[in-house]
Amino acid sequence: MIKLLFFGRLGDFAGDVAPQIEATEGLTPALVRESLAADYPALAAELSQPQVLVSLDQRIARWDQVISDGAELAFLPPVTGG
Amino acid sequence: MSTNIDIRIQDADFDLAAEYQQLRKLTSAVGAVVTFCGLVRDLEKQSVINSLSLQHYPGMTEALLQDIVDQAEARWQLIGVTLIHRVGQLLPSDQIVFVGVASQHRQDAFEAAQFLMDYLKTKATFWKKVDQDGQQYWVENKDSDQLATDRWQRDE
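Protein sequences appear in the order of chains P and X.
Residue numbering for the first sequence follows the working numbering, starting at 1 and increasing by one per position.
Residue numbering for the second sequence follows the working numbering, starting at 1 and increasing by one per position.
None of these hints come from the bench; they were simulated from the model.
For clarity, every value in this text was computed on a predicted model and none was experimentally measured.
Check before you lean on any hint, since a few could be wrong.
Said to hold, decoys possible - Derived DSSO-like pairs: lysine-lysine, alpha-carbon spacing no greater than 27 Å straight-line: (1) K3(P) to K45(X); (2) K123(X) to K3(P); (3) K123(X) to K45(X); (4) K123(X) to K142(X); (5) K25(X) to K129(X); (6) K129(X) to K45(X).
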């Protein structure tokens with residue numbers, strides 16, 4: 001399974017998205033975003049904003065990076081701390 | 001000599017005087033301490049806010065802050081660094097962030113403190129949500145913060 005996390009404003013769009021998804025061969029953050037588009041079009045549009053980053057197991061990752069089973073995938077809008 | 005690093009993410013407030021004393025007393029080689037405190041402003045989009053809530057990504061935030069401090073250590077001669085960032089609900093005038101740097105000479109402390117703050121603003125996984133008369137919205141990032149961070153990369 002892969003754990004999904006949505007931070008900041010992305011969390012408002014994620015609503016009832018399942019917190020975990022099945023791990024499949026060759027799955028990437030970009031493919032996860034694509035798979036969300038059918039049921040959550042507003043969320044998928046937000047995830048497609050150029051400033052949104054992804055992390056895998058708490059390290060910044062590429063959208064085309066392959067996700068291993070058991071990983072934690074987080075979607076990160078631009079940060080606004082400090 | 002390794003730098004004394006103290007990174008904290010907490011709900012609780014902090015005491016500027018106590019943090020300064022901690023840095024001052026690290027070793028007798030300390031010749032300069034620079035401290036910065038960020039506060040919650042009462043205005044956002046020209047309107048008064050009721051409160052601010054801060055979300056972060058536990059685990060990743062600490063690792064990113066450590067990485068930012070590592071970069072500062074590689075650029076300046078530092079004796080101590082303290083980074084404190086509050087999370088949870090905050091009110092106007094509340095303290096939100098603290099950066100303190102101790103070094104032998106002032107230039108290292110001044111520059112490292114500004115670098116740490118600029119990087120924290122654009123790299124560390126914190127998100128602010130504003131409550132304004134019952135309306136809640138997430139704060140947008142500012143281009144000026146990114147420019148402040150980019151400036152350090154040009155200097156390299």
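(message) Under the constraints set out in the numbered hints, which ones does this structure not fulfil?
(response) Hints 1, 5 not satisfied by this model.
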